[in-house]
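Student: Given next are the chains, with one letter for each unit.
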Amino acid sequence: MNRFAELLDRLAYEPRRNAKLRLMTAYFRETPDPERGFALAALTGALSFANAKPGVIRALIAERTDPVLFALSYDYVGDLSETVALMWPGPPPAGRPDPSPQREGSRGLASRGHNHPPAPTLTEVIEALTATLKPDLPHLIAGWLDGLDETGRWALLKLITGGLRVGVSARLAKTAVAELGGLDPDAIEEVWHGLEAPYEPLFAWVEGRGEKPEGASAVPFRPPMLAHALEEMDVAKLDPADFSAEWKWDGIRIQAVAGSRQGQREGRRQVRLYTRTGEDISGGFPDLIEAILLDPAFDGAIDGELLIMRDGLVQSFNVLQQRLNRKSVTPKLMAEYPAHIRAYDLLAQAGEDLRVLPFRGRRERLEAFVTGLATSRIDLSPLVPAASWEALTAARADPASAGGGADAAAIEGLMLKRHDSTYVPGRPKGPWFKWKRDPHTVDAVLMYAQRGHGKRSSLYSDFTFGVWRGPEGEEELVPVGKAYFGFTDEELSQLDRFVRQSTINRFGPVREVVHGRDSGLVLEVAFEGLQSSPRHKSGIAMRFPRISRIRWDKPPREADRIEFLEALLRGRN
Amino acid sequence: MAAERLILSRTMRPTDLLTLTPAGLYCPPGDFYIDPLRPVPRALITHGHSDHARPGHGAVLATTETLAIMAVRCGEGFCGTRQAAVLGEPMRLGDVTVTFYPAGHVLGSAQILIEAGGCRIVNSGDYKREPDPTCTPFEPIACDVFITEATFGLPVFRHPPARDEVARLLDSVALFPERSHLVGAYSLGKAQRLAALLRAAGHDAPLYIHGAMERLMALYETLGVPLGDIRKVPTGKEAARTSFAGSIILCPPSATQEIWSRRFADPVTAFASGWMRVRARARQRGVELPLVVSDHADWEDLCTTVCETGASEIWVTHGEADALVHWCTNRGLTAKPLHLIGYSDDEEAAAADGVAAAAESEAPAENKPS
Ligand SMILES: [Zn+2]
Ligand SMILES: [Zn+2]
Numbered sequence: 001m002n003r004f005a006e007l008l009d010r011l012a013y014e015p016r017r018n019a020k021l022r023l024m025t026a027y028f029r030e031t032p033d034p035e036r037g038f039a040l041a042a043l044t045g046a047l048s049f050a051n052a053k054p055g056v057i058r059a060l061i062a063e064r065t066d067p068v069l070f071a072l073s074y075d076y077v078g079d080l081s082e083t084v085a086l087m088w089p090g091p092p093p094a095g096r097p098d099p100s101p102q103r104e105g106s107r108g109l110a111s112r113g114h115n116h117p118p119a120p121t122l123t124e125v126i127e128a129l130t131a132t133l134k135p136d137l138p139h140l141i142a143g144w145l146d147g148l149d150e151t152g153r154w155a156l157l158k159l160i161t162g163g164l165r166v167g168v169s170a171r172l173a174k175t176a177v178a179e180l181g182g183l184d185p186d187a188i189e190e191v192w193h194g195l196e197a198p199y200e201p202l203f204a205w206v207e208g209r210g211e212k213p214e215g216a217s218a219v220p221f222r223p224p225m226l227a228h229a230l231e232e233m234d235v236a237k238l239d240p241a242d243f244s245a246e247w248k249w250d251g252i253r254i255q256a257v258a259g260s261r262q263g264q265r266e267g268r269r270q271v272r273l274y275t276r277t278g279e280d281i282s283g284g285f286p287d288l289i290e291a292i293l294l295d296p297a298f299d300g301a302i303d304g305e306l307l308i309m310r311d312g313l314v315q316s317f318n319v320l321q322q323r324l325n326r327k328s329v330t331p332k333l334m335a336e337y338p339a340h341i342r343a344y345d346l347l348a349q350a351g352e353d354l355r356v357l358p359f360r361g362r363r364e365r366l367e368a369f370v371t372g373l374a375t376s377r378i379d380l381s382p383l384v385p386a387a388s389w390e391a392l393t394a395a396r397a398d399p400a401s402a403g404g405g406a407d408a409a410a411i412e413g414l415m416l417k418r419h420d421s422t423y424v425p426g427r428p429k430g431p432w433f434k435w436k437r438d439p440h441t442v443d444a445v446l447m448y449a450q451r452g453h454g455k456r457s458s459l460y461s462d463f464t465f466g467v468w469r470g471p472e473g474e475e476e477l478v479p480v481g482k483a484y485f486g487f488t489d490e491e492l493s494q495l496d497r498f499v500r501q502s503t504i505n506r507f508g509p510v511r512e513v514v515h516g517r518d519s520g521l522v523l524e525v526a527f528e529g530l531q532s533s534p535r536h537k538s539g540i541a542m543r544f545p546r547i548s549r550i551r552w553d554k555p556p557r558e559a560d561r562i563e564f565l566e567a568l569l570r571g572r573n
Numbered sequence: 001m002a003a004e005r006l007i008l009s010r011t012m013r014p015t016d017l018l019t020l021t022p023a024g025l026y027c028p029p030g031d032f033y034i035d036p037l038r039p040v041p042r043a044l045i046t047h048g049h050s051d052h053a054r055p056g057h058g059a060v061l062a063t064t065e066t067l068a069i070m071a072v073r074c075g076e077g078f079c080g081t082r083q084a085a086v087l088g089e090p091m092r093l094g095d096v097t098v099t100f101y102p103a104g105h106v107l108g109s110a111q112i113l114i115e116a117g118g119c120r121i122v123n124s125g126d127y128k129r130e131p132d133p134t135c136t137p138f139e140p141i142a143c144d145v146f147i148t149e150a151t152f153g154l155p156v157f158r159h160p161p162a163r164d165e166v167a168r169l170l171d172s173v174a175l176f177p178e179r180s181h182l183v184g185a186y187s188l189g190k191a192q193r194l195a196a197l198l199r200a201a202g203h204d205a206p207l208y209i210h211g212a213m214e215r216l217m218a219l220y221e222t223l224g225v226p227l228g229d230i231r232k233v234p235t236g237k238e239a240a241r242t243s244f245a246g247s248i249i250l251c252p253p254s255a256t257q258e259i260w261s262r263r264f265a266d267p268v269t270a271f272a273s274g275w276m277r278v279r280a281r282a283r284q285r286g287v288e289l290p291l292v293v294s295d296h297a298d299w300e301d302l303c304t305t306v307c308e309t310g311a312s313e314i315w316v317t318h319g320e321a322d323a324l325v326h327w328c329t330n331r332g333l334t335a336k337p338l339h340l341i342g343y344s345d346d347e348e349a350a351a352a353d354g355v356a357a358a359a360e361s362e363a364p365a366e367n368k369p370s
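Protein sequences appear in the order of chains A and B. Residue numbering for the first sequence follows full-length UniProt numbering, starting at 1 and increasing by one per position. Residue numbering for the second sequence follows full-length UniProt numbering, starting at 1 and increasing by one per position.
Please keep in mind that the hints were generated in silico from the structure rather than gathered at the bench. All values reported here derive from a predicted model rather than from experimental measurement. Warning: the hint list may mix true and false statements.
What the hints assert, rightly or not - Now the in silico label distances, taken between C-beta atoms and shown as ranges:
| id | chain 1 | residue 1 | chain 2 | residue 2 | range |
| --- | --- | --- | --- | --- | --- |
| 1 | B | P177 | A | E491 | 33 to 39 Å |
| 2 | A | E491 | B | D16 | 56 to 62 Å |
| 3 | A | E491 | B | A174 | 35 to 41 Å |
| 4 | A | H536 | B | R331 | 45 to 51 Å |
Claimed, not checked - Here are some chain B residues the structure puts well away from chain A; computed CB gaps all over 12 Å:
| id | residue |
| --- | --- |
| 5 | P55 |
| 6 | G58 |
| 7 | F78 |
| 8 | L154 |
| 9 | L223 |
| 10 | V225 |
| 11 | D229 |
| 12 | R283 |
| 13 | V292 |
| 14 | W327 |
Yeah, the Cβ is synthetic: ideal placement off N, Cα and C, and Gly gets one too.
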């Protein structure tokens with residue numbers, strides 16, 4: 001566990017991708033099975049422990065520390081696991097006179113010694129957590145914490161609460177494994193689903209000691225192809241005639257895969273739904289899974305957008321959110337929020353890999369494939385006429401005028417794909433472009449700030465802002481949204497300093513800052529859309545707000561009024 | 001006269017002996033300030049950090065080393081007249097007796113004991129309890145009122161032994177021999193302590209330093225603290241010829257992010273500070289190798305020291321005062337925060353953020369160091 005904790009610690013501070021890779025590859029090379037396999041599972045997010053909730057950790061630390069000192073420390077550090085790791089009492093200090101405060105602090109590193117439990121291995125931790133019943137959990141965790149140092153405790157707590165954020169994507173961890181044997185990371189991706197921790201066959205194959213664990217899955221995930229944002233200068237260089245255009249739908253990009261393993265009967269079909277990062281979300285969408293399972297014509301892999309459709313209309317992203325991040329769903333939820341796939345691409349069919357075909361060829365196959373399906377839960381994302389940049393510009397500005405129809409509100413922009421583009425995993429520069437619709441902006445006044453999480457936990461980085469409402473002379477600010485990104489690190493430290501210097505009230509982790517007509521800070525907030533929302537005091541909910549500029553120059557009285565947003569809301573509906 | 005003194009002594013309360021004024025802590029019967037924040041006629045200075053030792057006072061009383069440090073940092077004419085205090089030797093100032101004792105913070109750092117009418121107040125300035133090869137160790141002084149800092153006054157701050165952190169630095173140098181290690185360290189105290197610890201760990205290679213540290217490094221040597229082969233980072237053509245691969249370079253913390261640092265190819269950026277215990281702090285500064293080395297007492301040592309002085313009343317000057325006050329109160333001690341704005345652990349930030357600190361003084365809820 002200590003070696004793994006050391007790795008996590010180094011990774012968390014290392015900004016260079018290549019250095020992160022070197023650190024992980026070195027770890028995988030030096031660490032034996034099954035320890036490294038569990039580490040890989042942890043790094044790729046393939047582990048979850050239903051039992052270890054933050055509440056357990058809170059209870060453990062509450063038994064050992066003064067509540068006021070804990071609250072002050074937590075407020076300062078901003079992260080529960082880290083606070084507990086740092087505050088956890090070490091063994092009684094050796095050779096120190098008694099006045100030293102044993103409960104709230106004592107030498108951990110200096111005198112960690114003989115009568116102390118040994119540090120657990122990662123394998124022990126994971127196996128025990130999987131097998132242990134809830135009532136035994138606190139005792140187990142406390143014993144481990146006693147045996148570890150500050151870094152070890154931090155890593156353990158991050159691991160068992162599922163908050164292991166060290167700036168490593170599952171992809172990067174798999175790339176590190178691939179580098180053990182000089183393989184392409186996509187080779188790992190394609191065998192990944194169907195394998196389980198501690199991945200001994202995978203390591204054996206990568207190190208040239210075993211067979212490729214192929215066919216482990218009849219429904220593999222295929223790393224998706226992504227687009228670059230279209231820049232103004234691209235427009236001059238590109239010929240629209242080389243491209244197909246289609247709508248970029250405002251849902252989530254998914255891959256739906258169905259198939260059966262060789263030698264298995266037709267009835268043993270499997271279906272999987274993956275996010276674009278390869279996360280298996282099938283469990284949250286039994287309605288879609290069943291529709292595909294019962295449709296024998298679906299034998300292959302579709303790249304598409306997950307949407308909610310009601311009465312033939314695409315619903316907003318906010319509606320879709322009701323179905324996301326759920327491990328299981330009720331029939332009622334499925335009936336109210338029927339899931340749907342709008343297909344962009346066909347990656348494989350009946351065992352044939354279509355990714356080597358040009359887009360045009362794949363599109364023909366896709367059209368035939370979707371037409372042949374019995375289910376109505378999958379339809380085709382229509383192409384948009386791409387005769388000229390003028391036509392594309394008009395389509396992007398007003399999707400309804402270019403065939404977007406009743407679903408125009410769910411269109412985020414345009415995708416441009418070269419007719420001759422093969423399906424290349426990753427984000428190659430050139431073949432695909434995304435061209436988003438212009439966001440809206442509003443000038444709002446900063447009202448409250450809250451500390452962020454993770455990297456930003458000591459900074460005020462979540463900002464609530466408002467616009468003016470009420471008759472002249474009596475206007476007041478009404479909150480209309482909350483943003484926590486859009487600024488540079490430098491701007492963030494300026495904002496943090498402003499918050500600290502302008503605090504007029506504190507409510508737990510939240511600070512109220514000065515916001516009068518003549519004093520306060522104006523933020524230019526960009527957003528994707530508005531929705532009426534009775535839950536909000538302003539009656540308006542903002543979609544995807546982010547701070548586009550800090551208007552140090554603008555007095556708060558010149559910020560926008562609620563009527564501006566109300567007009568925008570009416571105009572769009 | 002004697003009768004007058006007697007009356008004075010019988011009625012002497014701690015707050016008669018030391019009161020809080022806009023210029024800082026003032027002793028009326030002795031007519032002097034301790035570590036004043038603005039120019040005053042007579043100042044007693046605990047140590048040479050710029051938030052405690054400011055130029056422009058009339059008369060200054062401090063240890064020989066602190067006077068020398070102030071002369072280097074603020075120029076020879078940093079005050080009107082100066083007088084050297086000898087550690088452990090009582091001196092009469094007006095109606096009070098004053099004695100300087102070692103604080104273990106940086107070279108020359110001292111606690112100041114003020115006695116009058118049977119009341120003893122110790123102002124510790126900044127201090128630490130961990131051994132430091134570059135300065136005299138802290139001594140707990142029995143007193144009625146102990147005035148303490150609380151820079152790291154939260155139970156999350158538990159400084160590991162500094163030699164272990166220096167060993168981590170040397171491990172990293174061994175691991176990345178093709179890269180240089182750029183270590184941010186405060187120019188007074190931390191830089192010299194790191195140099196001495198590196199020497200003690202057997203690292204004999206030249207240590208490179210930023211030009212801003214040159215005079216203080218030399219002063220430490222002059223005052224009898226050997227630091228080995230110290231070289232200023234060369235400039236111009238000579239810089240281009242120098243390979244810093246495998247080298248350790250000490251510089252002020254802010255310099256790690258300045259243009260100055262671009263002359264080093266792909267350095268490992270380290271920072272030696274007690275703040276490095278908290279991850280968000282380290283990441284905020286873009287640190288890749290956080291070294292938890294502090295010249296301030298950690299939580300454990302703050303609490304231990306409070307107990308060892310036997311003081312019944314604790315005044316907390318600056319830092320995370322709330323937690324320490326709470327802890328003292330729980331132990332039946334009288335404790336109060338002084339909310340002294342203008343002291344900071346981070347002397348360079350203190351200078352740069354002078355405006356911010358002033359603004360924070362207007363928000364009473366805010367008393368954290370910037
Ligand atoms: Zn100091
Ligand atoms: Zn200080």
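Student: Hint by hint, note whether the structure agrees.
Tutor: Going through the hints against the structure:
no. : hint                          : verdict
1   : P177(B) - E491(A): 33 to 39 Å : holds (38 Å)
2   : E491(A) - D16(B): 56 to 62 Å  : violated (50 Å)
3   : E491(A) - A174(B): 35 to 41 Å : holds (38 Å)
4   : H536(A) - R331(B): 45 to 51 Å : holds (48 Å)
5   : P55                           : holds (27 Å)
6   : G58                           : holds (33 Å)
7   : F78                           : holds (30 Å)
8   : L154                          : violated (5 Å)
9   : L223                          : holds (30 Å)
10  : V225                          : holds (25 Å)
11  : D229                          : holds (30 Å)
12  : R283                          : violated (5 Å)
13  : V292                          : violated (9 Å)
14  : W327                          : violated (7 Å)
Checked against the numbered hints given earlier, this structure breaks hints 2, 8, 12, 13 and 14; the rest are met.
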